[in-house]
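Asker: Chains A and B are the protein sequences, given in the same order.
Under this note's numbering, the residue at position 111 of the first sequence is numbered 116, and the numbers go up by one with no gaps.
Under this note's numbering, the residue at position 304 of the second sequence is numbered 1118, and the numbers go up by one with no gaps.
It cannot be assumed that every hint is accurate.
Each computed DSBU-like pair below joins lysine-lysine, with the alpha-carbon atoms no more than 30 Å apart [as the list claims (entries may be wrong)]:
(1) B:K1128 <-> A:K173
(2) A:K143 <-> B:K911
(3) B:K1120 <-> B:K1106
(4) A:K262 <-> A:K93
These are computed hints drawn from the structure, not numbers from a lab.
So you can see what is in the structure, the chains are spelled out below.
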Amino acid sequence: MDKCKTDEFKKIAYRIRKHIIEGTFNAGSGHPGGSLSCTDILTVLYFHSMNIDPKNPKAPDRDRFVLSKGHCAPALYGTLAERGFFPKEEIVKLRRIDSYLEGHPCMKSVPGVDMSTGSLAQGFSASVGMALAGKIDKKDYHVYTILGDGELEEGQVWEAAMAAAHFKLNNLIAFVDHNGMQIDGYITEVMSPEPVVGKFKAFGWNVINIDGHDYEQIIDAIEQGKMQKDKPTMIVAETIKGKGVSFMEGQVGWHGKAPDKEQRDKAIAELDEFLAGLEVE
Amino acid sequence: MSKKIATRQAYGDALAEFGSDERIVVLDADLSKSTKTDVFKAKYPERHFNMGIAEGNMMAVAAGLSTCGKIVFASSFAIFASERACEQIRNSICYPKLNVKIGATHAGISVGEDGASHQCSEDIGVMRSMPNMTIICPADAVETRAAVKAAIELNGPVYLRLGRLNVPVIYDEANYKFELGKGVTLREGNDVTIISTGLMTEMALNAHELLKNEGIEARVINIHTIKPIDKEIITKAAKETGALVVAEEHVAYGGLGSAVAEVVVDNYPVPVKMVNMGDRFGKSGVPSELFKMYGLTPENIVSKAKEALEAKKKCCK
Chain A
6 MDKCKTDEFK KIAYRIRKHI IEGTFNAGSG HPGGSLSCTD ILTVLYFHSM
56 NIDPKNPKAP DRDRFVLSKG HCAPALYGTL AERGFFPKEE IVKLRRIDSY
106 LEGHPCMKSV PGVDMSTGSL AQGFSASVGM ALAGKIDKKD YHVYTILGDG
156 ELEEGQVWEA AMAAAHFKLN NLIAFVDHNG MQIDGYITEV MSPEPVVGKF
206 KAFGWNVINI DGHDYEQIID AIEQGKMQKD KPTMIVAETI KGKGVSFMEG
256 QVGWHGKAPD KEQRDKAIAE LDEFLAGLEV E
Chain B
815 MSKKIATRQA YGDALAEFGS DERIVVLDAD LSKSTKTDVF KAKYPERHFN
865 MGIAEGNMMA VAAGLSTCGK IVFASSFAIF ASERACEQIR NSICYPKLNV
915 KIGATHAGIS VGEDGASHQC SEDIGVMRSM PNMTIICPAD AVETRAAVKA
965 AIELNGPVYL RLGRLNVPVI YDEANYKFEL GKGVTLREGN DVTIISTGLM
1015 TEMALNAHEL LKNEGIEARV INIHTIKPID KEIITKAAKE TGALVVAEEH
1065 VAYGGLGSAV AEVVVDNYPV PVKMVNMGDR FGKSGVPSEL FKMYGLTPEN
1115 IVSKAKEALE AKKKCCK
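So here's chain B without its partners, still in its complex pose:
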C-alpha cells in the first residue's frame, strides 16, 4: 500500500515550499490548522493573515491585495469559500480577473463525520459557471504540489479543490509532468473510458483492474483541470472507446460529468454514464461508509462501465 496524504496537507506544504516568492500572501478564515496554511504561516508569518470568521470580506480583501501585485491564496473550507463567498468571488475576483487563488479544502463527502453542512459537493458547478475561473481538482499529493505551482505561475483566478481525507499517492513525483488544462491518461484501453477527478481517480484505477479481470479494457483519464477542460483528450476517448463513465465526488449537476457531457455532445456524441452523489446532500459518517452509501466505489464504476458498454452496443446496431 502506497503512503496516504491529504491534498490539503500537500497544499499547505506546497505553499511553504514555494513561499519564498515574496509576492505570495496567504489569507485564512480561522481554519489555518485545518486548511494547513499554518505550515506556510510557520515559515512566513509576516505574509500570513488570519481574517477571522468572515469569508466574504476575505475574498474581497484578497482582490484588493492582488491589485497591488500580490499573488493571494485565500483559504477556507470549500463550502464557505465557494458558496458563502460566492458573489465576492464572482464580482471582486473573476469579473476583474484578479490574481487570487482560492484554496478550498474539505471538499466533497469525504469530509465525513462533520456531515452535510460541511460537505461541499456543489462547488465545481458553482465555480465552473464563472467566466475567467480556472478550476483544479488534484488527485493526490504530487498533483496538488504541481497544481499550486501552476496556480502561482498563472495570472488569474484559480479554484483549488482539495480534500480533508488522507488519500493514496498515485503519481511518481520524479516522473510526473503536470500540464494545466491537460488530462492525464493513466491506463490504456479501448473498450470504455473512465474519466475521473480528485480522489475518485484512485477508485477509477481500481475499477480498471476489476474490469480487466472480466476481459474489459478500460482507459482511465484523470482530469485535474476541470476548467478549462481538455476537450481533445475527451473527444479522442469518445472516438476511440465509444463509451464513457465519469466519476466524481460531487452532486449530479454542474460538475465534471456535466463538463464531459458538454464536450461529447458538441464534438462526438457517445453514451456517458455518471458516478456521483446524485441530486442529494451528504450526511455524517465515516468516509469509507459514505462512499458505499453514495455509490462512490470502484464496484459502482465497474457497473456503470458495463452499462456504458451496453449502450454503446445498442448505438452501434
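For reference, chain A alone in the conformation it holds in the complex:
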C-alpha cells in the first residue's frame, strides 16, 4: 500500500481515537481500552471495505456491521460520526440522558448501527442471522463483525461459530480484537480462550492471523475472506489495548474507565501531535 493511503487511514483513525477520548471523558465512564484497540479495523471497514452510504443507512443491499463487543461503542460512534452518519458534535453527549448515543450500540436510535449489542456473543449470532438472510435472498452483501477476545469465553460464541460454518456463510467476515485483556485481567489468567486460531479452524472457519494495527494486512485479510467459497472467515487481529494513547497502552485498568481532565488533555495532546506529524511529512 502506498504511504499516502496509509497516512489517510492513520489520520482518520486518530480522529476516531480523539472521539473515543472526548466521548468517554465527557461521559465520565465508558470503555476506552478496547475501543482504541479496534479503531484501525473499523477505519478500514468504514473507509475502504464496506459498501455503505451514510445518506441511506438502511439500504437493503448494503454491507452490514455488528459490533459484537458492544461496550466499545465509543469506537463505533466515532467511526460513524467521521463517516457522516451523524454530526460529530454528538460525540461529547455520549451516554447522556438527552443523547441518542446509548452506552452500548442501539440500532433504534443511532444512525448507522445495524444491530443493538452489549450483551456479549449475541451480536455475533445476529451477524450469522444477517449472513443467512443474504444467502436466502441471494444477495451479494457481506456481514462484518468484531468480537472481543474475552467475549470468546461466552458459550454462545461457539454456538454461532458452529452455525456459520454449518451454513457455509462465506459472506460473513468476523474479527477477534485480540488485545489479550478483559476487565479482571489477562484473558489467559481469567479464563483462557486460547488457542483462538486453532479453535476457529477446528470449528470449520477460514482463519487469518494478522497485526490488527496494520492497514494493509487488514485490507488483505478482508479480501481473502471475500474470496472464500464455502467458509466464513475469522480474522484474529493481534492488537494493543489502549492503542494510540501511551499511558493506556497494554493497561488492563483502562478497560472500563474514563480519563479525567488531566488524562484527557494528555491523551488529546498526544493524538494531536501524531496528527501534526503526519501533516508535516
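We have chain A; now place chain B onto it with these hints.
Answerer: Just chain B now, kept in the frame of chain A:
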C-alpha cells in the same frame, strides 16, 4: 365430543398455510417433529433452518434475520425458548423491537410424563415483564391459526404459548373473529366472571355449566392476548359481576392472574380468586391426573367461584 387438536399442531399447520409469504423464515432447535415446524419444512424446506440444540444462538440469529426484512418464527419447547434463551429474547429481540415470533410449544403441566424439567410454567411471568413483547396463549386450534396470522401481521416480538396435549376445539372456525388484544366473552352471566387462557378455557366452560346447575350465572371470558391485556373487558366484568376467578396453567406469580389483578386493582377493585399451579414445580404423570393433583379442574374453578361470591357478599355488606 368435539375433535381434539394440540395447539402445537395447529401452529405447524398454520405456518405451512401462511408460509407462501416469502418473508417468513422458520428456525427450530432440533425439535421440529415436536414443535410441528416440520409441517412448514415439508412445504418450504428452503426457508426452514435447524439451528441444532442451541436456543440462545437461535434467538439472536432470528434477530439478525429480522433486521434483513424476515418475519422469523423461532421454535422450541417453552422452557428452552423463554427461560434458557431469556436474555437473548430480552436484549436481541425485545429491546430493538425486532420482528421475531417465538413459537413456544410444550408450555404448562399438560406436557405430562416428561416431568417438571420440561413443564414450563413460569413463561408468562417471564415474558410479560419484557417491554415490547406481545404474548398470545390460544385456547384451541382455531384460535392458534388466527394467532399465527395476527403474529405475522404485527411488526414486533410475539411470544406464542402453545401446548403439547390434544385439546377440544371450542371455536367455530367459520364464525370466529380474532382480535389481537381483545378478550372474548364466551358465556354471559352476572354473578361472577371466570377469566381463563389456554386449555383452562375449556375447563372454564365446563365450570360455567356446573355453576348453572346450582343457579349461579358465571360469565366466561377467554383471554388469548395476555399482553397487552384487554383492560376494558376485565374492568367491565369487575363492575358488572363484582367477583372474578382467573384460571391458568401457570405458577401463581406473574401470569394471567397477576395481570388481571393489576388491572382490577388499578381500575375497579373486587375480589379475585386464582386457579393455578401455586408456587411449585410440576411432576411426571398423565396430564389428566396432574390436572387433578394441581387443582386445574372445573370443580376447583367452581369452588373458587363460590369463594369469590362469598367475598363479594362480605364486601357489599
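Asker: Work down the list of hints and note, for each, if the structure agrees.
Answerer: Consistency of the hints with the structure:
Simply put, B:K1128 and A:K173 have alpha-carbon atoms about 69 Å apart, too far for the 30 Å limit, and the pair is violated. Restraint check for A:K143 and B:K911: satisfied, since their Cα atoms lie roughly 26 Å apart, inside the 30 Å limit. Distance check on the hinted pair: B:K1120 and B:K1106 sit about 19 Å apart at the alpha-carbon level, within 30 Å; holds. Among the hinted pairs, A:K262 with A:K93 is consistent with the structure: their alpha-carbon atoms are about 22 Å apart, no more than 30 Å.
The structure fails to meet hint 1 from the earlier list, while all remaining hints are met.
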